[in-house]
Amino acid sequence: MAHPSYRRGRHRTLQLQTVQTPLRTVIAVLRDRQLSLQVLLCVLAIVAMVIAIQAWSLPFPYHLGERVSTGVVSRVDFTRVDKVATERNRELSLAYVPYFFKHDPSNLKKLPGELRTSLRLLVASKKLDEVAPSLVT
0 MAHPSYRRGR HRTLQLQTVQ TPLRTVIAVL RDRQLSLQVL LCVLAIVAMV IAIQAWSLPF
60 PYHLGERVST GVVSRVDFTR VDKVATERNR ELSLAYVPYF FKHDPSNLKK LPGELRTSLR
120 LLVASKKLDE VAPSLVT
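Heads up: the sequence shown is residues 0 to 136, going by numbering that gives the first Met the number 0.
These are computed hints drawn from the structure, not numbers from a lab.
Treat the hints with care, as some may be off.
Claimed, not checked - Quick list of in silico lysine-lysine cross-link-like pairs, DSBU-like style, CA-CA up to 35 Å:
1. Lys125 / Lys101
2. Lys82 / Lys108
3. Lys126 / Lys108
4. Lys82 / Lys109
5. Lys82 / Lys101
As the structure is a computational prediction, the values presented were derived from the model and not from experiment.
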């Protein structure tokens, strides 16, 4: 059971705060030196980037998809090779090429004779050491 003196010592209070308006928030930020220094550094970085990329000038006179009536001629030759597209086109070209076989019947006529002589040499030898190395491999 709680003692009555313990209950009297605890008071629950809530401090009322006024509503923060945007002006008060800005004033609070400007009063904080470290936060105002960070904001100043961000603004300086943005100004430096705008100057570096010359944001006030137009980026390109022509955009993708626009058609110019007089035509636009390139001043430089295009030398960059698209390796991925080149490899893809090469693979597609290889897929459409039909297979072909080169048939030489003169080699086929020699093979049965070579097989017979190799088998005769193999049968004639008594040991494996006597066999010619060309027959073993």
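Hint-by-hint comparison with the structure:
1. Taken as a hint, the lysine 125 and lysine 101 pair is broken in the structure, with Cα atoms around 41 Å apart against an allowance of 35 Å.
2. This hinted pair does not check out: lysine 82 and lysine 108 have alpha carbons roughly 47 Å apart, beyond 35 Å.
3. For the hint linking lysine 126 to lysine 108, the alpha-carbon distance of about 31 Å falls within 35 Å, and the restraint holds.
4. Restraint check for lysine 82 and lysine 109: the C-alpha separation of about 47 Å exceeds 35 Å, so the hint is violated.
5. Taking the CA atoms of lysine 82 and lysine 101, the gap is near 33 Å; set against the 35 Å cutoff, the hint holds.
The structure fails hints 1, 2 and 4 (numbered hints given earlier, in ascending order).
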